[in-house]
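Enquirer: Spelled out, the chains give:
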Amino acid sequence: MAKAENNKYSKTIQSAVAEYALRLGDNSLILGQRLGEWTGHSAAVEIDMALSNMALDLIGQAQHFLGLAGEMEGKHRDADALAFTRDAHEFRNFWLVEQANGDFARTIARQFLFSTWQKPMLGELANSTNETLAAVAEKAVKEVSYHQSYARDWMLRLGGGTEESHHRLQRALDDLWGYTGEMFAGNGVDDMLVAEGISVDPAALESGWTIEVDAVLAEAGLTKPAVERMTSGGLKGHHSEHLGHLLAEMQFLQRAYPGLEW
Amino acid sequence: MNDSMNTDWELFEVFLRAKNGLNHKHVGSVHAADTTMAIGVARDLYTRRNEGESIWVIASKDITASDPDNSDALFEPAKDKIYRHPTFYEITKEVKNM
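Here the protein sequences come in this chain order: S and Z. Position 94 of the first sequence, counted from 1, bears residue number 94 in my numbering, the numbering being contiguous throughout. Position 82 of the second sequence, counted from 1, bears residue number 1082 in my numbering, the numbering being contiguous throughout.
Misleading hints may appear alongside valid ones.
Stated by the list, open to error - With a cut-off of at most 25 Å between alpha-carbon atoms, the simulated PhoX-like pairs for lysine-lysine come out as follows:
hint: 1; chain 1: S; residue 1: K224; chain 2: S; residue 2: K75
hint: 2; chain 1: Z; residue 1: K1061; chain 2: Z; residue 2: K1025
hint: 3; chain 1: Z; residue 1: K1019; chain 2: S; residue 2: K139
hint: 4; chain 1: S; residue 1: K142; chain 2: Z; residue 2: K1019
hint: 5; chain 1: S; residue 1: K11; chain 2: S; residue 2: K75
hint: 6; chain 1: S; residue 1: K75; chain 2: S; residue 2: K8
Claimed, not checked - Now the in silico label distances, taken between C-beta atoms and shown as ranges:
hint: 7; chain 1: S; residue 1: I211; chain 2: Z; residue 2: E1051; range: 45 to 53 Å
hint: 8; chain 1: S; residue 1: K236; chain 2: Z; residue 2: A1033; range: 26 to 34 Å
hint: 9; chain 1: Z; residue 1: S1060; chain 2: S; residue 2: D191; range: 53 to 61 Å
hint: 10; chain 1: S; residue 1: G244; chain 2: Z; residue 2: D1034; range: 38 to 46 Å
Stated by the list, open to error - Counterexamples of contact, computed for chain S against chain Z with all Cβ distances above 12 Å:
hint: 11; residue: G36
hint: 12; residue: A43
hint: 13; residue: S52
hint: 14; residue: T85
hint: 15; residue: H89
hint: 16; residue: A134
hint: 17; residue: G161
hint: 18; residue: Q251
Hints listed in this document are in silico derivations from the structure and should not be mistaken for laboratory results. As the structure is a computational prediction, the values presented were derived from the model and not from experiment. For every residue, glycine included, the Cβ atom is placed at its ideal position computed from N, Cα and C.
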């Protein structure tokens, strides 16, 4: 499918698609890895399962998006090569998803802010003129609908729970809020691909996201953080110090024993 | 697992229906704060391999069970009533399938 499509694009579009698929894949991969860190550490086995299910959904998405990125860039790198052999500056994920898990409230806040962006994004992407992107998005949007409702449910529970849970969630929101602006900013890649009907315009997602987030914050009795300046850099490969540590753990095996399989 | 958390959370019994037309079957139990969460947790734990398309949950405390000490009185009398099984009766050849 994607192979045939490879030929129909100009070189410029092709490398823009590679870049775009890389972003989508990296967001899913890095958040999936983060959620996977909870395995065996959650407060209850039920939460352990929920978070690792989500991690697997996200890593599955990453496999497809990175696979497409690899084909489009045409450098003989498959999804595994892209996941395990790139350095931090070559990753295109948002700062939001690489932030450390912290406590459960922080993990939930991060998930809610991201899934509330990812769900409508995938819904739109399912109409992409690129068949691979459309097919992956159509499958993934169902997974992410569940992630969003899971996170939303916990936002309400923690926000309206005890003084302690409310306080922790508010603190998490305050800390993470400054990373949300990046989700709605694009660059030349977006301009080019939106015009071709291939990608989703990030700016167009902001109003819907704001409505949903505001509604949940209000229902949970949480205060919307006021942030003067949003932090970003993922599109250019600039990241927080957290990503390097995450990659060191995630990539260790392939770095130490290149090509190892089991 | 954190014990204090699980004493806060109630136990729910989970029933799954594999597909339309079959009945819900008991598959296990989960801890959750309420029925909404129990459905979510049950989905995460028991339907990961496509096992079901409908979930019922019920608080374990709402189930009334028979008393094991009463087993003799409740179940023993049925044990020698073999004529209550359809296999007890001979079926004439003319009735091929029953």
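Enquirer: Each hint needs a verdict: does it hold in this structure or not?
Expert: Structure-based check of all given hints:
no.: 1; hint: S:K224 / S:K75; verdict: violated (44 Å)
no.: 2; hint: Z:K1061 / Z:K1025; verdict: holds (18 Å)
no.: 3; hint: Z:K1019 / S:K139; verdict: holds (21 Å)
no.: 4; hint: S:K142 / Z:K1019; verdict: holds (20 Å)
no.: 5; hint: S:K11 / S:K75; verdict: holds (13 Å)
no.: 6; hint: S:K75 / S:K8; verdict: holds (18 Å)
no.: 7; hint: S:I211 / Z:E1051: 45 to 53 Å; verdict: violated (36 Å)
no.: 8; hint: S:K236 / Z:A1033: 26 to 34 Å; verdict: violated (43 Å)
no.: 9; hint: Z:S1060 / S:D191: 53 to 61 Å; verdict: holds (57 Å)
no.: 10; hint: S:G244 / Z:D1034: 38 to 46 Å; verdict: holds (41 Å)
no.: 11; hint: G36; verdict: holds (15 Å)
no.: 12; hint: A43; verdict: violated (5 Å)
no.: 13; hint: S52; verdict: violated (9 Å)
no.: 14; hint: T85; verdict: holds (30 Å)
no.: 15; hint: H89; verdict: holds (36 Å)
no.: 16; hint: A134; verdict: holds (24 Å)
no.: 17; hint: G161; verdict: violated (9 Å)
no.: 18; hint: Q251; verdict: holds (27 Å)
The structure does not agree with the numbered hints 1, 7, 8, 12, 13 and 17 stated previously, though it agrees with the rest.
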